[in-house]
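Chains as they are written, first to last, in our numbering: chain D, 1 to 230; chain E, 1 to 293.
Note that these hints are calculated values from the structure, not bench results. Please read these numbers as outputs of a predicted model, since none were measured by experiment. For every residue, glycine included, the Cβ atom is placed at its ideal position computed from N, Cα and C. Take these hints with a grain of salt, some might be off.
[Unchecked claim] To give a feel for the contact side, a few chain E residues facing chain D, derived at Cβ under 10 Å: (1) Glu34; (2) Asp98; (3) Ile122; (4) Arg171; (5) Gln197; (6) Glu202; (7) Arg203; (8) Leu204; (9) Gln225.
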Amino acid sequence: MNNHSSDTDGRGMPAIGVLDLQGGISEHIDHLERLGIRSVRVKEEEDFQNLAGLIVPGGESSCISRLLRLFNLDEIIVQQFQKGMKIWGTCAGAILLAKTVINESAHLGLIDIEIERNSFGSQLDSFQYEAVIPGLLKKPASLTFIRAPKIIKVGRDVNVLLQIDDYIAAAESSDVLVTVFHPELTGCLAFHHYFAKKCNLKPRDVDGTEVLDPTWRLTSWTRLARISRG
Amino acid sequence: MDAKRYELNVQLAQMLKGGVIMDVTNVEQAKIAEDAGAVAVMALERVPADIRKDGGVARMSDPAMIAAIKEAVSIPVMAKARIGHFVEAQILEILKIDYIDESEVLTPADEECHIDKTKFSIPFVCGARNLGEALRRIAEGAAMIRTKGEAGTGNVVEAVRHMRTMNREIRQLINMPLEEVTGFAKANGMPYEIALQVRKLERLPVVNFAAGGIATPADAALMMQLGCDGIFVGSGIFKSADPALRAKAIVKATAYFNDPKKVLEASMGLGEAMAGLEIASIPAEQLLAGRGW
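Generate the whole structure from the sequences, applying the supplied hints.
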């Protein structure tokens, strides 16, 4: 997959960044690589150069939010967003992007949704749910909800992508995508494909049959977190 | 536990990667930990340093105290059951906390058997001193591993030993010819199939955190650079002079473990760390890491 020709590390190529403060970073990078998208771990100001999009991963929103503020990365994200960088938040990431968070103050506030943190209960209430999303997820795929938040309502400029019972599980505005579940924890590449196109990048084509990458395993993320051989 | 439930439990631990899990003994401490950026709290009546000092039998904490902490924070709540005490685990599961730590910090209830964790829906984290111990716990259904270290000492030396041992044994597994794996697995008490998986993945198949003796931002960054996926801090925070400040500093150093400049910033002006203990000064029967096998 690594292209060692003239553009050795592809640094000139627009990339999708994954905010690398805490949480499921390797899992997103694994999915982006499967689609042939250049990915960058983002934790310093200079990492934001040439980013077409940014993924704010799942983890604990209170932890990620603290670290964002500590190093003024929140301001940099908002600046880059205003310059056209698209953003996708999964789970904790969706909480960080919401304009309204029930019982706490908003963090980045980049999409007009109201969200409730840890809305299902404890880990014993985590679950998988099979869904289809017209235009995005053509075949039923299993979505993973881990201590997930619920989107309660969305503003006028926000489209609901997936409604389940009394809550919204996925939504988007022109520049922001939010999912309260974790596509990076399944073999489903459809959301990363969709986001890459939203960022005007060219992901490797996956048609209906390839939406679930058959080579994906529960442990696929570990190839990005092997022990050092030293 | 069915396979899907185990998968979800392993994946919750993945979402804790790069984070710090802090021991707390009351609601106030739990809130300090959450505000400081902890990814989870471990609710217990006494931190390991006090368990060590008080002596006697250490058991599961009062469920009322664990429930109060669960009520007070929105981050995951973990609690400890004694090694082999599957009824304490049943109680914690009914209480619906997020993760059970089958922990050597409490007095073991069974010196032969650990809990059969496959019988539960709730996830378990277990301590290990070496690869064989880690893989035996995974075989029993643990969804997350941590080093044992030597809890309540503020001395990182045992956690370093355990992590280095695991890394060395993983490297040995990777480099040996396949026909030697059977003997290596036998000699080290490793379930063979999981040993093969580790050889292929070049690491544990689940998240591995550092625990036992971490007291400073530098300790946390050290364990992360040795290849841990995240950090448990027990007595190190609330036995120090300024817990809120130290908690924030350890969170920062864990996230930026590879950046000495940021670890330096995190290390400045924290006040007194917890008083530490030389491992050699502890009578052998009071060492916690030797509990369980």
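Against the structure, the hints come out as follows:
1. Among the interface hints, the one on Glu34 of chain E holds; its C-beta lies about 6 Å from the nearest C-beta in chain D, closer than the 10 Å criterion.
2. With a least beta-carbon distance of about 4 Å to chain D, the hint placing Asp98 of chain E at the interface is held under the 10 Å criterion.
3. Annotation: interface hint on Ile122 of chain E holds; nearest CB of chain D at approximately 6 Å, less than 10 Å.
4. Nearest Cβ of chain D to the Cβ of Arg171 of chain E: about 7 Å, under the 10 Å cut. The hint holds.
5. Checking Gln197 of chain E against chain D: minimum C-beta separation of about 8 Å stays under 10 Å; hint holds.
6. Because the closest C-beta pair between Glu202 of chain E and chain D is about 4 Å apart, less than 10 Å, the hint holds.
7. Nearest Cβ of chain D to the Cβ of Arg203 of chain E: about 5 Å, under the 10 Å cut. The hint holds.
8. With a cut of 10 Å, the hint placing Leu204 of chain E at the interface with chain D holds, because the nearest CB-to-CB distance is about 8 Å.
9. For Gln225 of chain E, the shortest C-beta to C-beta distance to chain D is roughly 9 Å, which falls under 10 Å, so the interface hint holds.
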